[in-house]
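Number of protein chains: 2
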Amino acid sequence: MKLMQLYASLKSDLQAIEDALASSVASDLPLLNDSALHLLKAGGKRLRPVFVLLSGKFGEYSLDQLKRVAVPLELIHMASLVHDDVIDDADTRRGQPTVKAKWDNRIAMFTGDYLHGKSLVIATELAHPRIHQILSGAIVQMCIGEMEQIRDFFNTEQSVRNYLLRIRRKTALLIAISCQLGAMAAGAPKKQCDILYRYGYNVGMLFQITDDLLDLCGTEKAIGKPPGSDLRQGNITLPVLFALQEPALRDKLLGEIARIQAAGGNADSSAAVKLVRGSAGIRQAEALAERYMAKALKLLEGLPAIPARKNLSDIARFVAQRSY
Amino acid sequence: MKLMQLYASLKSDLQAIEDALASSVASDLPLLNDSALHLLKAGGKRLRPVFVLLSGKFGEYSLDQLKRVAVPLELIHMASLVHDDVIDDADTRRGQPTVKAKWDNRIAMFTGDYLHGKSLVIATELAHPRIHQILSGAIVQMCIGEMEQIRDFFNTEQSVRNYLLRIRRKTALLIAISCQLGAMAAGAPKKQCDILYRYGYNVGMLFQITDDLLDLCGTEKAIGKPPGSDLRQGNITLPVLFALQEPALRDKLLGEIARIQAAGGNADSSAAVKLVRGSAGIRQAEALAERYMAKALKLLEGLPAIPARKNLSDIARFVAQRSY
Numbered sequence: 109m110k111l112m113q114l115y116a117s118l119k120s121d122l123q124a125i126e127d128a129l130a131s132s133v134a135s136d137l138p139l140l141n142d143s144a145l146h147l148l149k150a151g152g153k154r155l156r157p158v159f160v161l162l163s164g165k166f167g168e169y170s171l172d173q174l175k176r177v178a179v180p181l182e183l184i185h186m187a188s189l190v191h192d193d194v195i196d197d198a199d200t201r202r203g204q205p206t207v208k209a210k211w212d213n214r215i216a217m218f219t220g221d222y223l224h225g226k227s228l229v230i231a232t233e234l235a236h237p238r239i240h241q242i243l244s245g246a247i248v249q250m251c252i253g254e255m256e257q258i259r260d261f262f263n264t265e266q267s268v269r270n271y272l273l274r275i276r277r278k279t280a281l282l283i284a285i286s287c288q289l290g291a292m293a294a295g296a297p298k299k300q301c302d303i304l305y306r307y308g309y310n311v312g313m314l315f316q317i318t319d320d321l322l323d324l325c326g327t328e329k330a331i332g333k334p335p336g337s338d339l340r341q342g343n344i345t346l347p348v349l350f351a352l353q354e355p356a357l358r359d360k361l362l363g364e365i366a367r368i369q370a371a372g373g374n375a376d377s378s379a380a381v382k383l384v385r386g387s388a389g390i391r392q393a394e395a396l397a398e399r400y401m402a403k404a405l406k407l408l409e410g411l412p413a414i415p416a417r418k419n420l421s422d423i424a425r426f427v428a429q430r431s432y
Numbered sequence: 109m110k111l112m113q114l115y116a117s118l119k120s121d122l123q124a125i126e127d128a129l130a131s132s133v134a135s136d137l138p139l140l141n142d143s144a145l146h147l148l149k150a151g152g153k154r155l156r157p158v159f160v161l162l163s164g165k166f167g168e169y170s171l172d173q174l175k176r177v178a179v180p181l182e183l184i185h186m187a188s189l190v191h192d193d194v195i196d197d198a199d200t201r202r203g204q205p206t207v208k209a210k211w212d213n214r215i216a217m218f219t220g221d222y223l224h225g226k227s228l229v230i231a232t233e234l235a236h237p238r239i240h241q242i243l244s245g246a247i248v249q250m251c252i253g254e255m256e257q258i259r260d261f262f263n264t265e266q267s268v269r270n271y272l273l274r275i276r277r278k279t280a281l282l283i284a285i286s287c288q289l290g291a292m293a294a295g296a297p298k299k300q301c302d303i304l305y306r307y308g309y310n311v312g313m314l315f316q317i318t319d320d321l322l323d324l325c326g327t328e329k330a331i332g333k334p335p336g337s338d339l340r341q342g343n344i345t346l347p348v349l350f351a352l353q354e355p356a357l358r359d360k361l362l363g364e365i366a367r368i369q370a371a372g373g374n375a376d377s378s379a380a381v382k383l384v385r386g387s388a389g390i391r392q393a394e395a396l397a398e399r400y401m402a403k404a405l406k407l408l409e410g411l412p413a414i415p416a417r418k419n420l421s422d423i424a425r426f427v428a429q430r431s432y
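First to last, the protein sequences are chains A and B.
This note's numbering applies: residue 109 is where the first sequence begins, and numbers increase by one.
This note's numbering applies: residue 109 is where the second sequence begins, and numbers increase by one.
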């Protein structure tokens, strides 16, 4: 099944989630409505709700229950984007102006806070304290991931392990619990919830490594921002760490990164991007991504062979191959 | 009973909460530990935990249960302070450098996010979904209050009602639910939980109006910051709104406020402060504060006459009289 077909098959349930998202950010405060709706309309693939719905098929599927985890998960994702933009000083995301650029940092900060709070308000409509705890735990871990990223900006001495721990918190965890909570909200057996968590974790790692590769290898048109953005803001990603291990490249690349850092965010990163593209770092990062995909697919074998299982393996492949 | 005696009588339980607060912000990320511990050490009166403990006396008092609401409430309060400081561009709070001044806005933002998340992680250790929902609802309302404050900066046309709605969300709500959740966590009868909520709401309104009066009438030594800070940042408080209603003062005061706004935060607000001090606005705000105190005391009559009831009335009086 193609991804388009998968989305089509989930269309009415995804629409119900979209409606719930819109009403969840509605308040009588125009300032907040505008910023949150802007964020909502900027869209995205609603990947977390898709994982919730598919994982919900392993239990007793109830849209009403699943909505109460899908909406909070997407709101937490949105909160992290809006707070990320404050940090990155980003003026555009997916080709659209960010909340920060359109309003200001203060509004962006409170919009994120509001989305965090609202996500828990909605989840707590489910009388399932363990779900509340997993969601709030994810917010905590994601904040730690964000702070680790700030700590590690321009740190060319960090290890690959360091990078992996950071993206685990920043990205993989939320996808992992999207799968887990979808299954839990549907009352699926604990063993399946655990497998889905681990599947989601591996897909999340795959997702972030692919994202980091795209930032180096994609075109501005495809990724909606100029390539090399990560390097410009000091975010040292996996292909760069691998490239730094090549003796023939190391000093040149260190020099480029130091130059970018010294320029304070306005530098041109294209020379550094070129060095990394010409290194074995790209291939090495791709190989690691493939290992995460293989693990994700392997884990699915432990689940009942219902159609949703096939859908989950299609998504893993899509995540690995996407060019945006 | 004097306030010092009250704190002394709660000493060991407050110490347990203090310890739980310290361990709740401990992580293996030095950047976060430093900023959160700094915030923790800056102290404060731990008013919200005191309300929780006293309200818990109306049910089956269990420190273990009460801790799981007292710590989250104090963490939410701390998160609001740290995010407030980003907005206010404040370099000191209670005479200490702020997280924002000592580190930067990005760290302050994620420290606040972390504290929000952590507060719910701790609260969700209680298998009491309604408590989780009230806490997350409070985060949402407080964010709206913060955004309303931003919206209303330098708005001299706002009504008194507008001001009251804003401080209700910004301050009174968290004190109201401190009382309510203390009682709920102790399994007190619903009627008493409701009375305690309303008592806390009135004390919270009293608290904020008193705070706003102190910013105009207090000395720099007493309040830990130069008087007139609210006006400097555009926060139009109750005494100012009343003063603006005096025909003889209005134009002069509007002129001063416009001058402060035009100077973009670096202005001297002492002329405006002097105008408000010389108006009937101070007395009118005090009168409204007294009405909130009277309501709070009246509500307490609906509760059983245990020692905690007397303590709560002492606190209301203290809040009204404090000079810091």
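A few of these clues could be false.
Said to hold, decoys possible - Over the 10 Å line for every Cβ pair with chain B, so calculated as not near, a few chain A residues:
1. K110
2. S120
3. S170
4. H191
5. A246
6. R259
7. Q266
8. Q300
9. P334
10. D359
11. G363
12. A366
13. A371
14. R399
Said to hold, decoys possible - A few chain A residues facing chain B, derived, Cβ under 8 Å:
15. S131
16. N141
17. L148
18. F218
19. A235
20. G245
21. V248
22. E256
I should point out that these hints are in silico values taken from the structure, not numbers from a laboratory.
As the structure is a computational prediction, the values presented were derived from the model and not from experiment.
The beta-carbon is built from N, C-alpha and C at its ideal position, and this holds for glycine as well.
Comparing the hints with the structure gives:
1. Every CB of chain B is more than 10 Å from the CB of K110 (chain A) (nearest about 37 Å), matching its label as outside the interface.
2. The beta carbon of S120 (chain A) sits about 28 Å from the closest Cβ of chain B, which is more than 10 Å, so the claim that it is off the interface holds.
3. S170 (chain A), annotated as away from the interface, keeps every beta carbon of chain B farther than 10 Å; the closest lies near 18 Å.
4. Annotated as non-interface, H191 (chain A) brings its C-beta within 10 Å of a C-beta of chain B; the closest such distance is 6 Å.
5. Distance to chain B contradicts A246 (chain A) as a non-interface residue, since its nearest Cβ pair spans about 8 Å, not more than 10 Å.
6. With 10 Å as the threshold on Cβ separation, the claim that R259 (chain A) sits away from chain B is violated: the shortest Cβ distance comes to roughly 5 Å.
7. Every CB of chain B is more than 10 Å from the CB of Q266 (chain A) (nearest about 14 Å), matching its label as outside the interface.
8. Its beta-carbon lying about 23 Å from the closest one in chain B, Q300 (chain A) satisfies the requirement of being farther than 10 Å from that chain.
9. No beta-carbon of chain B comes within 10 Å of the beta-carbon of P334 (chain A); the shortest separation is about 22 Å.
10. The Cβ of D359 (chain A) sits about 29 Å from the closest Cβ of chain B, beyond the 10 Å cut-off, so the non-interface label holds.
11. Against chain B, the non-interface label of G363 (chain A) holds: every CB pair exceeds 10 Å, the least being about 27 Å.
12. Residue-level check passed: A366 (chain A) sits 22 Å from the nearest beta carbon of chain B, beyond 10 Å.
13. Every Cβ of chain B is farther than 10 Å from the Cβ of A371 (chain A); the closest lies at roughly 19 Å, confirming the non-interface assignment.
14. Against the 10 Å criterion, R399 (chain A) stays outside the reach of chain B, whose nearest CB is about 27 Å from its own CB.
15. Given hint, S131 (chain A) at the interface with chain B, is violated; its Cβ is 14 Å from that chain's nearest Cβ, farther than 8 Å.
16. At about 10 Å, the closest approach between the beta carbon of N141 (chain A) and any beta carbon in chain B exceeds 8 Å, and the interface hint on this residue is violated.
17. Hint status for L148 (chain A) relative to chain B: violated, with the closest Cβ pair at about 16 Å, above 8 Å.
18. Here the hint on F218 (chain A) is kept, as its CB sits about 5 Å from the closest CB of chain B, short of 8 Å.
19. Because the closest C-beta pair between A235 (chain A) and chain B is about 5 Å apart, less than 8 Å, the hint holds.
20. For the restraint placing G245 (chain A) at the interface with chain B, the shortest Cβ-Cβ distance is roughly 5 Å, inside the 8 Å limit, so the hint holds.
21. With 8 Å as the threshold, the beta carbon of V248 (chain A) comes within range of chain B, its nearest partner Cβ sitting at about 4 Å, so the hint holds.
22. For the restraint placing E256 (chain A) at the interface with chain B, the shortest Cβ-Cβ distance is roughly 7 Å, inside the 8 Å limit, so the hint holds.
Hint compliance for this structure: hints 4, 5, 6, 15, 16, 17 are broken, all remaining hints hold.
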